[in-house]
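The residues making up each chain are set out below.
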Amino acid sequence: MNSLDPRVNRLPQLKEVVLPKAPLDQFGTYEVFVQPKEGKPFQHEGIVHAPNLELAWVLAKEAFTRRFTCTSLYVVDTRDVYVSPLTEGDKNAYDLIPEITEQAGNKKNFEIYHLVKRGKQHVHVGTVQAVLPQEAMQLAGKQFNNGKIVYNVWAIATDTIRFTTDEEKELWLTLPKKKFRDASDYKGGDKLKAFLEKR
Amino acid sequence: MNTALKELLYKMADDQLILGHRNSEWTGMGPLLEEDIAFSSMAQDKIGQGLALYTLLQTLGESDPDTVAFTRNANQFHNCILVELPNQEYDFSLIRHFLFDSAEALRFEYLSHSSYEPLAQLARKIRGELRYHTLHANTWMKQLGSATEESIARLQNALEVALPYALGIFEASPYETELIDKKIFIGEAALKEKWVSKIESVINQTQLHLPDWKTLTPVYGGRIGKHSEHLQPLLDEMSEVFRIDPAAEW
Amino acid sequence: MYGGGNTFEGIKTDSLAQEDPGMLAAFEARIERGEKIEPSDWMPQLYRKQLIRMIEQHAHSEIIGALPEGTWITRAPGFKRKMALMAKVQDEVGHAQLLYSAAETLGKSREQMIDDLINGKSKYSNIFNYPTFTWADCCFISWLVDAGAIVNQLANAKGSYGPYCRALDRICAEESFHLKYGHHCVIYLASGTAKQRQMFQEALNRWWPPMMHFFGPSDKISAHTEVLMRWKVKMGTNDEMRNQFLDMYVPKIWELGFTIPDPNLKKNESGKWEYTEPDWEEFKRVINGDGPCNKERLEVRRVAEARGQWVREALKTPKTSYVTPLA
Numbered sequence: 001m002n003s004l005d006p007r008v009n010r011l012p013q014l015k016e017v018v019l020p021k022a023p024l025d026q027f028g029t030y031e032v033f034v035q036p037k038e039g040k041p042f043q044h045e046g047i048v049h050a051p052n053l054e055l056a057w058v059l060a061k062e063a064f065t066r067r068f069t070c071t072s073l074y075v076v077d078t079r080d081v082y083v084s085p086l087t088e089g090d091k092n093a094y095d096l097i098p099e100i101t102e103q104a105g106n107k108k109n110f111e112i113y114h115l116v117k118r119g120k121q122h123v124h125v126g127t128v129q130a131v132l133p134q135e136a137m138q139l140a141g142k143q144f145n146n147g148k149i150v151y152n153v154w155a156i157a158t159d160t161i162r163f164t165t166d167e168e169k170e171l172w173l174t175l176p177k178k179k180f181r182d183a184s185d186y187k188g189g190d191k192l193k194a195f196l197e198k199r
Numbered sequence: 001m002n003t004a005l006k007e008l009l010y011k012m013a014d015d016q017l018i019l020g021h022r023n024s025e026w027t028g029m030g031p032l033l034e035e036d037i038a039f040s041s042m043a044q045d046k047i048g049q050g051l052a053l054y055t056l057l058q059t060l061g062e063s064d065p066d067t068v069a070f071t072r073n074a075n076q077f078h079n080c081i082l083v084e085l086p087n088q089e090y091d092f093s094l095i096r097h098f099l100f101d102s103a104e105a106l107r108f109e110y111l112s113h114s115s116y117e118p119l120a121q122l123a124r125k126i127r128g129e130l131r132y133h134t135l136h137a138n139t140w141m142k143q144l145g146s147a148t149e150e151s152i153a154r155l156q157n158a159l160e161v162a163l164p165y166a167l168g169i170f171e172a173s174p175y176e177t178e179l180i181d182k183k184i185f186i187g188e189a190a191l192k193e194k195w196v197s198k199i200e201s202v203i204n205q206t207q208l209h210l211p212d213w214k215t216l217t218p219v220y221g222g223r224i225g226k227h228s229e230h231l232q233p234l235l236d237e238m239s240e241v242f243r244i245d246p247a248a249e250w
Numbered sequence: 001m002y003g004g005g006n007t008f009e010g011i012k013t014d015s016l017a018q019e020d021p022g023m024l025a026a027f028e029a030r031i032e033r034g035e036k037i038e039p040s041d042w043m044p045q046l047y048r049k050q051l052i053r054m055i056e057q058h059a060h061s062e063i064i065g066a067l068p069e070g071t072w073i074t075r076a077p078g079f080k081r082k083m084a085l086m087a088k089v090q091d092e093v094g095h096a097q098l099l100y101s102a103a104e105t106l107g108k109s110r111e112q113m114i115d116d117l118i119n120g121k122s123k124y125s126n127i128f129n130y131p132t133f134t135w136a137d138c139c140f141i142s143w144l145v146d147a148g149a150i151v152n153q154l155a156n157a158k159g160s161y162g163p164y165c166r167a168l169d170r171i172c173a174e175e176s177f178h179l180k181y182g183h184h185c186v187i188y189l190a191s192g193t194a195k196q197r198q199m200f201q202e203a204l205n206r207w208w209p210p211m212m213h214f215f216g217p218s219d220k221i222s223a224h225t226e227v228l229m230r231w232k233v234k235m236g237t238n239d240e241m242r243n244q245f246l247d248m249y250v251p252k253i254w255e256l257g258f259t260i261p262d263p264n265l266k267k268n269e270s271g272k273w274e275y276t277e278p279d280w281e282e283f284k285r286v287i288n289g290d291g292p293c294n295k296e297r298l299e300v301r302r303v304a305e306a307r308g309q310w311v312r313e314a315l316k317t318p319k320t321s322y323v324t325p326l327a
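Residue numbers (the numbering used here), protein chains in the order written: chain D, 1 to 199; chain A, 1 to 250; chain G, 1 to 327.
Because the hints were derived from the structure by calculation, they are not lab data.
Certain hints may be false.
Ranges of calculated distance between the beta carbons of each label pair, as one might list FRET restraints [said to hold, decoys possible]:
{"no.": "1", "chain 1": "D", "residue 1": "Thr158", "chain 2": "G", "residue 2": "Lys272", "range": "49 to 59 Å"}
{"no.": "2", "chain 1": "A", "residue 1": "Asn75", "chain 2": "D", "residue 2": "Glu197", "range": "26 to 36 Å"}
{"no.": "3", "chain 1": "G", "residue 1": "Gln45", "chain 2": "D", "residue 2": "Phe144", "range": "29 to 39 Å"}
{"no.": "4", "chain 1": "G", "residue 1": "Lys319", "chain 2": "A", "residue 2": "Ala153", "range": "20 to 30 Å"}
A virtual CB, placed ideally from N, CA and C, is assigned to each residue, including glycine.
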């Protein structure tokens, strides 16, 4: 290619015509949750595509936490998120979760997320112990359903999450110092004023 | 002491700037969107670390960082040749990232105890950034180094091409003894030894294999300003706008 | 970065006749109340189709838009500009990532969308089919193309589809840095040497016509979009967006002493901007593939995809498979 762009001029010539991609040469989907500040709840931020939890975490770190404050991050395979029906108006999602009797077996932790306003993000409200996700939601309904309407509930088995380790918390330490990514580092006011006065 | 210290700071700063510049060429052209973003962040970190080191040099009497970075010629740069080589395909870029950043993380780990306090402070400050860089590199090595026949072959090939240049990172400075005696830095030989075992421990978790270290001939010269034919064009491009009027403010 | 434009051509509202009238009425009532639509809600086929098309085009515009500025990363003058531009172009790639994900919630995978882009089946913002000759062109994009995009995106962030709005909220927050950075660059060119001023004036002359095209064809000639306005897919007409942009930025350009290459540009007594009608024939020609850089932009994307293919192949494992994102 003959381009104005030196990077483009350096691109290798393709030996063959590029074949159309296989219809779905795309790998897994992982949901990303971020804690913006110490003491604040985690909230859902979006997804990354990755082959496994570990790489999903590594990629999510820059995709979702490079610009605004962050103290911790976790990812989970989308298939490991259990989702209640979505409601609207004055209908509470907890009312649509089918009753289930207490299950026998090993209990594990589930992280519970609420959507309290359509259009907003799902926010972490707490952890419950249950055998099945449906049971976890039912328990959450008793513990966290405080009169406010919940439009959607997510339950995620804690052992399916890739958390941030304590040592990894230092990954975000220089983030507040990266001012070059911040509008506040580009104040042109004085320069502009001096220029206007000179003209 | 200043001469020895400046030599150390210059080679480190030049390494960061040149590799950051090279890695930034991938922005918008990476193999997948998420990796494009991650790789760009690490390139930004490198340029930022380079800037911090040039700023230390300024306190020791050198010119301001922009002048130092954007107006010197290739023979005045002290980076190792590894970092100036063209990006080639992602296999090479990733292997270089792995080999270089492993060394860099160890270097700063030692420097965080340096007797030259400003450098020790910088090293402690950027520890989190370097931790991410090596985590990123190691995760990718483990992934691609054990995935498909093609990915393994590509990484193996890139590894063999890059290793002699990577050994050039540890080209001894004329001031090694002084730096070690004054407890400024542990020295290149000791750093290299630690690096070799680090590299081995990651490669051993993949289907890649390392050649016998004794059979490799390190590519030296970068630290004394003897570079490959690739550095001067890189610098010409980097300073194309700056040189329109070096006295102007951009 | 994204303008209006070609997105909504060829809508056939008669397809609505096949939708369940009760569901449709409930859907419209929900939007009327100002509530968001979420991926698992019922929605008319036309809504889904138009949203996919719009979000996909927006995502393509980000990834293609990374190219004309990306070329200046290796040449940016000085550390401050170099680091800012790297972060800015990276953000554009990040926006593509967010937007493809939002479109995926509607049922089209990222790979399908990228396939459609590189095969020329879907469009992206026309403005990126023009070249950046000098550093000043890059500054024009950072400041004014981003400013135009923000006008659009702030409006669209009030739209009806939850995942798109959430992506836009995040994008707009990031863009505030782009806008300030771009303006900062241009202030430095304006107050710099004669050569620097001339560089920006020339860039302004080159980029003004595509900038006027950026918001899409005049309302007089653009396709009917009433139903999309009612559904809060489209949040303002092309002319309204263009007027808003002119209102906010023409004074700032004039303040810096630059001349906008349109002798008819002025604000009339009713507060509307008047200007020479942009050349819509050129707009059509370029959007249909015959612009100065169309071929190169798609070719670069194709090469990038082809070079990355072995990496993506190596990431496929039997254990994980593609699923639609949740929100």
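Distance restraint hint 26 to 36 Å, applied to the beta-carbon atoms of A:Asn75 and D:Glu197: Because 45 Å falls outside the window, the suggested range is violated.
Pairwise beta carbon distance, G:Gln45 to D:Phe144, judged against the given window 29 to 39 Å: holds (37 Å)
A:Ala153 and G:Lys319 - C-beta distance against the hinted 20 to 30 Å: holds (23 Å)
G:Lys272 and D:Thr158 - C-beta distance against the hinted 49 to 59 Å: About 58 Å separates the Cβ atoms of D:Thr158 and G:Lys272, which means 49 to 59 Å holds.
Violated hints amount to a single one, hint 2; each of the other numbered hints is respected by the structure.
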